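2 protein chains.
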Amino acid sequence: MGYELDNTIALLERTPASLSALLGGLPECWTETNEGGSSWTVSTVVAHLVHCEYEDWMPRARQILQAGEAEPFAPLDREGHARYKGGKTLAQLLDEFARARAKSLDELRALKPTAQDLERRGRHPALGSVTLSELLATWAAHDLTHLHQIARTMAHQVREAVGPWARFLGVMQCAGHSEAG
Amino acid sequence: MGYELDNTIALLERTPASLSALLGGLPECWTETNEGGSSWTVSTVVAHLVHCEYEDWMPRARQILQAGEAEPFAPLDREGHARYKGGKTLAQLLDEFARARAKSLDELRALKPTAQDLERRGRHPALGSVTLSELLATWAAHDLTHLHQIARTMAHQVREAVGPWARFLGVMQCAGHSEAG
Numbered sequence: 001m002g003y004e005l006d007n008t009i010a011l012l013e014r015t016p017a018s019l020s021a022l023l024g025g026l027p028e029c030w031t032e033t034n035e036g037g038s039s040w041t042v043s044t045v046v047a048h049l050v051h052c053e054y055e056d057w058m059p060r061a062r063q064i065l066q067a068g069e070a071e072p073f074a075p076l077d078r079e080g081h082a083r084y085k086g087g088k089t090l091a092q093l094l095d096e097f098a099r100a101r102a103k104s105l106d107e108l109r110a111l112k113p114t115a116q117d118l119e120r121r122g123r124h125p126a127l128g129s130v131t132l133s134e135l136l137a138t139w140a141a142h143d144l145t146h147l148h149q150i151a152r153t154m155a156h157q158v159r160e161a162v163g164p165w166a167r168f169l170g171v172m173q174c175a176g177h178s179e180a181g
Numbered sequence: 001m002g003y004e005l006d007n008t009i010a011l012l013e014r015t016p017a018s019l020s021a022l023l024g025g026l027p028e029c030w031t032e033t034n035e036g037g038s039s040w041t042v043s044t045v046v047a048h049l050v051h052c053e054y055e056d057w058m059p060r061a062r063q064i065l066q067a068g069e070a071e072p073f074a075p076l077d078r079e080g081h082a083r084y085k086g087g088k089t090l091a092q093l094l095d096e097f098a099r100a101r102a103k104s105l106d107e108l109r110a111l112k113p114t115a116q117d118l119e120r121r122g123r124h125p126a127l128g129s130v131t132l133s134e135l136l137a138t139w140a141a142h143d144l145t146h147l148h149q150i151a152r153t154m155a156h157q158v159r160e161a162v163g164p165w166a167r168f169l170g171v172m173q174c175a176g177h178s179e180a181g
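Quick mapping for you: the protein sequence lines, in order, are chains A and B. Per the numbering used here, residue 1 is the first one in the first sequence, and the count goes up by one each step. Per the numbering used here, residue 1 is the first one in the second sequence, and the count goes up by one each step.
In case anyone wonders, no lab produced these hints; they're calculated from the structure. Please note: incorrect hints may appear among the correct ones.
[What the hints assert, rightly or not] Covered stretches of chain B (chain A as the covering partner; in silico rule of three or more C-beta atoms under 8 Å from a C-beta of chain A):
hint: 1; region: 14-23
hint: 2; region: 27-33
hint: 3; region: 40-53
hint: 4; region: 87-95
hint: 5; region: 158-170
None of the values given here were measured: they were computed from a predicted structure. Backbone N, C-alpha and C fix where the C-beta goes; we use that ideal spot for every residue, glycine too.
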């Protein structure tokens, strides 16, 4: 199956409402707790999604179409979520993510990338040459990697409470796998 | 922190709407594909959630409160999702899950388990003695294990399309961990 932009957009446009339905109004024992150490809370993950919406996906897509591989993408600040989180509540972050995502997708649809556009290349600071279609597929996969992380982080909070069932629950065996979020 | 029934219910009541927002109307390239071999599609996972709603959680909770450890729980048929899936569309399964979950939670709230009730014990056919609070925490963690699986299964579909980004995406490194779903 070739890369299909419509399938990517179908997923990207659903993530904000799905996260709002899952997390909106949920007690803080689920959303303001982490997996220990410097791992992220659910709220931090949502702030990271806001950050990426403003500084990663569409800015890089525009750079590929406008400048190709001439300059590498600006590296994404791994702590940049802190600038977007500030004193905001999770409800505010979820709303901001939904608005930012809708705006990103309006821009993407307006660009109407052709099949040739999707094969155009940019330069990632660590990965080297990448295509626009790889960037857009990664945008969708990045939503999924953080949904996966959110499920794992929340499950961590009931690790003791489930007692002997822990060994039947796959999410309890997942230690996280991200090299970079 | 002690086990808190309200926190469990808060999560359980949000899962159906979150899954409907994520999966409703999503193209079948995301929902009718699996991770290879006999692994489950997203639709199969939702059918499994329906199955558990009817045959696992509240039936076992009632058995603990009514009969304690006298008899073990009936083992859950690992292929029982097929009976619930039948020829149903994913949209129908999502609706059925939402209705079944709402009914389960109505029953749980009506039971009003006390702190003593939550420490009452039943007998799991494989795990042995378990408490009602462990069962209820597992119900929430089971939602999360399948949300984790859904994210991983969908991400698998773009494993090639993301190109070199795969190594930055934790979900692409997750091979699944469930001993039993």
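Now the hints, each set against the structure:
1. Here's how the region 14-23 of chain B fares: 9 of its residues keep a CB closer than 8 Å to some CB of chain A, so the rule of at least three is met and the hint holds.
2. Requiring three or more residues with a Cβ within less than 8 Å of a Cβ of chain A, the coverage given for the region 27-33 of chain B holds, as 3 such residues are present.
3. With 0 residues carrying a beta carbon less than 8 Å from a beta carbon of chain A, the region 40-53 of chain B misses the three-residue requirement, and the given coverage is violated.
4. Counting residues of the region 87-95 of chain B whose beta carbon lies closer than 8 Å to any beta carbon of chain A gives 0, which falls below the threshold of three, so the coverage claim is violated.
5. Evaluation of the coverage hint for the region 158-170 of chain B: fulfilled, as 10 residues show C-beta separations to chain A shorter than 8 Å, against a requirement of three.
The structure is inconsistent with the numbered hints 3 and 4, although it conforms to all the rest.
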